[in-house]
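Assemble the complex: chain Z is given as a structure, and chain D must be docked to it using the hints.
There are 2 protein chains.
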Amino acid sequence: MKKYFLLFSLFITFQLFAQQLKYITNKEFTIQGKAFQNTPFYHRIDTDKYANLPPKVKTLFTDPAGLYVSFKSNTSKIKLDWTTRSTYLGANTTGIMARGMDLYTKENGKWIFAGAALPNQQNVKSDYDVVQNMTKTEKEFLLYLPLWNELTDLKIGIDETANFINQPIVYKKKIVVYGSSIVQGASASRPGMSYPSILSRKTGYEWINLGLSGNAKIEIEIAEMMKDIQNVDLFILDCVPNSSEEEIKARTIPFVKLLRKYHPKTPILMVESIIRPMSKFDQIGHQNMIQQNKAYRNQYEALIKDGVTNLHLLKGDNLLGTDNEGSTDGIHPNDLGFSRLSTAIEQKVNEIFSAQK
Amino acid sequence: MKKYFLLFSLFITFQLFAQQLKYITNKEFTIQGKAFQNTPFYHRIDTDKYANLPPKVKTLFTDPAGLYVSFKSNTSKIKLDWTTRSTYLGANTTGIMARGMDLYTKENGKWIFAGAALPNQQNVKSDYDVVQNMTKTEKEFLLYLPLWNELTDLKIGIDETANFINQPIVYKKKIVVYGSSIVQGASASRPGMSYPSILSRKTGYEWINLGLSGNAKIEIEIAEMMKDIQNVDLFILDCVPNSSEEEIKARTIPFVKLLRKYHPKTPILMVESIIRPMSKFDQIGHQNMIQQNKAYRNQYEALIKDGVTNLHLLKGDNLLGTDNEGSTDGIHPNDLGFSRLSTAIEQKVNEIFSAQK
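Line order of the protein sequences matches chains Z and D. Residue 167 in numbering that gives the first Met the number 0 sits at position 168 of the first sequence, with consecutive numbering throughout. Residue 342 in numbering that gives the first Met the number 0 sits at position 343 of the second sequence, with consecutive numbering throughout.
One chain only, chain Z, in its complex shape (with noise of 0.2 angstroms):
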């Protein structure tokens, strides 16, 4: 008897959980994150609208950093199916950051991970079950898209029989974020640990990606491109990692003043390079950056004096901490890092929308 029971119940678990799948196709569904709405549909930028961009960062802007799909669903699974452009990847990147995704959902009001989708490392296709056996019950869900490669499609799969609502998350602010690979989230170890994307989660403000690997130069452009977008209670320049220091002297000045010009009222926070941990004991690059975070404060000091006003400074001793840990290879936080120099920024940005109540 006992035997049938457990056959039984092994039934109804099956079939509470093998239920067949139905796809929400591209364009069924919504992406947020993006600091204009008209992109193409996984692209950050509409490059072709903003041509002077150097090709090289009109390239990184097609990596859909920092994009996400938000909704709703009474799903008891979500299995993705998704295509990249390539299947490159970094010695020192995981797949899943530049080429996955990870999934959260809300719970009491906070996003809590649910899920991580592995990339297929030998295949520009991939699928993977990200999170299944769950109660039916209605949730949340935010799904961040990968950081480092450019996604050409996407599929989110549920069951046949649950509901799919397009949700967009609401903001109480925005925050654009311009600089280098570590904006964009290298070597966070997934897409929602990139800074931008945990800052996001923990402020409530709505953090924007414009963050460019190897690149992030100051080049006017970036600045001409701001003009157009809206309704930014924040912009943060986190841009002096792969600018030079005659970059830094020759373009801070004209691209903080041309933003000014543009958005004569909105907060403008300057953050200096975090102090490369590979540079503890090589001496010229250390001095290389003593130099180019010199540079930029400098640079600040001067626009201070010349009158521009709402202009802050973040400055990079410490960001990631004290023990040198905070790195995968020297260069980019780690997850240990990223959560430090979280919350270095998260308490610069409180005080600056603190200061302006």
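What the hints contain is simulated information worked out from the structure, not anything from laboratory work. These numbers were taken from a predicted model, which means no experiment stands behind them. The reader is advised that the hints may include incorrect statements.
[To be verified] Calculated cross-link-like contacts (lysine-lysine; reagent style DSS-like; alpha-carbon spacing at most 30 angstroms):
hint, chain 1, residue 1, chain 2, residue 2
1, D, LYS138, D, LYS173
2, D, LYS216, Z, LYS279
3, D, LYS226, Z, LYS279
4, D, LYS26, D, LYS172
5, D, LYS216, D, LYS226
6, D, LYS172, Z, LYS314
Okay, now just chain D, sitting in the frame of chain Z:
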């Protein structure tokens, strides 16, 4: 005049740092972190000697997880040339962790991260400048070998005129950690961020890494092998994640009793599985984990009841913190998770050693 001085300074700088390198080749250096001295050069265990180990376990023991080279040198630069068995890389790991290396340097009695060696992603042969432009004062170095791929050759490049002195690290105690992929180090961002490596640096104790990806199924052959490990101050059995409830029930008591027979006085710490972040919303996954941990805890209690002494248990709740953010893929800790897990284990180990005084 000023211009000539500048050129002269640049020339001196160039001379100082752009030296030819010489290579310290295999067997000119020694490897630490092994449970036994006489193993194949880059292997953790001599699997010919322990022929009864499961085949997959034998293969995993050829990964040099937790092994390292320690030396003194007055070199200004360290470059590595190395070869791994394959270029295989899981989607949840970085190349640096799996096939690369990281280097620490001692400063004021502490090991400080100095640089990482990024592997060639397309070729089994790699070379990388890990650190350069250092002062030429003599320093102690600690170089972690890859966690996830067999290393078949390594050459350590230093300044042609520099010295190289094998300098074994001396520890206060020896701890042997038997466990799953989490012990082996997935998904640490680099080899030095596995929890046994973190804790070796923090505690001044040697933590021997017997982590076995996808394995550590409490096989009695492991306890048989552990018979021969000498001078152990603590055994840690972190072997729940890949063991089924049935395996835990059938194997834990015989395993611990045999280990106790061979090492009558050595404390043994049984660590429950971390609660997998992916099981937060996955009801069946969650139930499985709870059942595994419960079964392990029951075996612990039965062993205590049966009179086994100096046996300890660390519960799995909150080992990765309470925010569900401590993993890369829902299963393996990221560097944030490893940081938290290390703290929890360190605390428990300190308790055990304190009680013995």
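> Can you give the numbers of the hints that this structure goes against, from lowest to highest?
Replying inline: Numbers 2, 3, 6 - these are the hints that the structure violates, sorted from lowest upward.
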